[in-house]
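Colleague: Given the coordinates of chain A, work out where chain B should sit on it, guided by the hints.
Here the protein sequences line up with chains A and B, keeping their order.
Just so you know, we're using this note's numbering here: the first sequence kicks off at 1 and counts up by one.
Just so you know, we're using this note's numbering here: the second sequence kicks off at 335 and counts up by one.
Watch out, some of these pointers could steer you wrong.
What the hints assert, rightly or not - Pairs of lysine-lysine residues, derived as BS3-like cross-links and limited to a Cα-Cα distance of at most 25 Å, are as follows:
{"hint": "1", "chain 1": "B", "residue 1": "Lys356", "chain 2": "A", "residue 2": "Lys49"}
{"hint": "2", "chain 1": "A", "residue 1": "Lys22", "chain 2": "B", "residue 2": "Lys411"}
{"hint": "3", "chain 1": "B", "residue 1": "Lys522", "chain 2": "A", "residue 2": "Lys188"}
{"hint": "4", "chain 1": "A", "residue 1": "Lys77", "chain 2": "B", "residue 2": "Lys356"}
{"hint": "5", "chain 1": "A", "residue 1": "Lys6", "chain 2": "B", "residue 2": "Lys511"}
{"hint": "6", "chain 1": "B", "residue 1": "Lys383", "chain 2": "A", "residue 2": "Lys22"}
Keep in mind the hints are simulated off the structure, nothing from the lab.
There are 2 protein chains.
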Amino acid sequence: MPDLRKDPITGRWVIIASDRAKRPNDFVREPVEVRGERICPFCPGFENKTPPETLAYRPSGQEANRPGWALRVVPNKFPALRVEGDLNPQGEGLYDRMNGVGAHEVVIETAEHATNLGLMAEQDVANLFFAFRDRVLDLKKDPRFRYIVLFKNHGQGAGASLEHPHSQLIALPVVPKRVLEELSGATKYYGFRERCVFCDIVRQEMHSRTRVVLETEHFLAASPWAPRFPFETWVMPKRHASHFETALPAQIHNLGQVMRSLVRRMDQVLENAPYNMIIHTAPVQEGPLEHYHWHIEIMPKLTRVAGFEWGSGFYINPTPPEESAKFLREATVT
Amino acid sequence: MPDLRKDPITGRWVIIASDRAKRPNDFVREPVEVRGERICPFCPGFENKTPPETLAYRPSGQEANRPGWALRVVPNKFPALRVEGDLNPQGEGLYDRMNGVGAHEVVIETAEHATNLGLMAEQDVANLFFAFRDRVLDLKKDPRFRYIVLFKNHGQGAGASLEHPHSQLIALPVVPKRVLEELSGATKYYGFRERCVFCDIVRQEMHSRTRVVLETEHFLAASPWAPRFPFETWVMPKRHASHFETALPAQIHNLGQVMRSLVRRMDQVLENAPYNMIIHTAPVQEGPLEHYHWHIEIMPKLTRVAGFEWGSGFYINPTPPEESAKFLREATVT
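This is chain A alone, in the form it adopts within the complex (with noise of 0.2 Å):
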């Protein structure tokens, strides 16, 4: 019989098909493969082919826009949004517009081509999101922002259209509706328990084991209750706190053991797929928030969203998080 199941958070309700249980195996693959780029306009020595830095990590005393950097930030050549200009609010009969007023970056992980963050040092994988927090730290500054999405889109079929390994970030000036649901899920859920539903799912994962994958000292990664995707995971801060943006260094430091290590795994257990990659985090303007806990959300993309998923928002997983938890712990990875 297969199972229903409720997520805690958003009270999505998601099919877990147990009884058609799909193992890493039965998945149509399409594997990220570095091909090599005739000419990667992220690849040092191309510095003049992205927009000036907004960031960079480079040996104190290097010149900015030039070779020697470990991680460049840029402004998004083809942005979705742009940075200048007023957001002038209308009306048009029923209807609300504003201008597309915002901010979209690139973040260049590493100046080596043919890498991902599974392969890439430790160190290395903790500097995306040094860098990420350190992006956010300077555009909360600007008040027209109210929400910074932080993400990533590995390989062609997550949507990637570079091969270089690189993530993006968009600051919006609107809160966006799934930030908003996940505002108000816990909210309620804090309403009735007085508690934070993660710090809630944190301990309760902790106890039971089953969909946990891995854990350091300040991280646990799990695969969540009510998975959207096979192999959905999520990792989770084991301390509470509502943005991504105040983590210390230390932590920050751990995260991206944490990341290396869970990405290994997945690209062990299901050959390379590509995946998306979300940093789910509180509203910049806001202060903490007791209810609200910050976490990555990581999804491999292995089946496709058809018509029924779209019109109703309502999932099927062929494959419990039990079992996609298993594999991924007991991957042998270095």
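Modeller: This is chain B only, laid out in the frame that chain A set:
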């Protein structure tokens, strides 16, 4: 400057990236082609390859589960949910689950293998909607079913696994989240204006006409104000009704005409792109609702949904709806 637009029902914000506007030829195509399959379980003569039919349109006097039918509805051979059993809702710590009880049926739209909604006769297209209506009226007698999702995945790129023209229905013991969101948004609008938001949309679109694709006696086909996807199109009944299954025969015949013409236009302009079609309707166990209005959403599959969209519920659409409506409106179809 890109445009930020808010959907008046759900409150979802969409970036309409008008300065990198995409025309039909700019998308990567994955055209739907009929290759022919060695053995098609949906073709006449192979009725024993499917579970026994729950409904069929065939000349009276003919035997069930034999050739001669014009349309056939059968249980899905690999259902996501099981019809038998109790829900048996249970807790597991802070989590909720229940048995995956529900119905999963396939509507085989026509006996002909190598056709599609745009090529079929209007009466045959109408038959699909008569079948959806008939099955909903039957299934809603079962009080375990709270919602019935009616949808079509056309083409592999949209999630179809068989090429013979077919649609699907899934009867669920819970009301899915996306439906609850629409209902809640529509309730808020009604509370404020004392009018149905969809009735207001129909009125405003018929007046401005910039997003209208086609209009018939009973229906308006138009691009929505804030589409998530390029060429997303909605078909709305002009007269208020919350439940699809209450549509009268004259309306369903008219729906067959609208849908055939719309699909023909899409197939011409987008060169047979895959698409998803979903009927948005009120929960089956509710009485008529003044604030909700059933309608159909059609989403051609032209772009990939990547991390940003998953993370935020915030969409970037490179084609303004005024442009997509113009292309579809001006397509010459017979």
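Colleague: Hey, B:Lys356 versus A:Lys49, does the alpha-carbon distance stay inside 25 Å?
Modeller: Holds - the C-alpha atoms of A:Lys49 and B:Lys356 are around 24 Å apart, at most 25 Å.
Colleague: When you check the alpha-carbon spacing of A:Lys6 and B:Lys511, does it fall within 25 Å?
Modeller: The given pair, whose Cα atoms are some 11 Å apart, holds under the 25 Å limit.
Colleague: For the pair we were handed, A:Lys77 and B:Lys356, check the Cα-Cα distance against 25 Å.
Modeller: 17 Å, holds
Colleague: Sort out whether A:Lys22 lies within 25 Å of B:Lys383, counting only the CA atoms.
Modeller: 24 Å, holds
Colleague: CA of B:Lys522 to CA of A:Lys188, is that 25 Å or under?
Modeller: Answer holds: B:Lys522 to A:Lys188 is near 19 Å, not above 25 Å.
Colleague: Sort out whether B:Lys411 lies within 25 Å of A:Lys22, counting only the CA atoms.
Modeller: 17 Å, holds
In summary, this structure violates none of the numbered hints.
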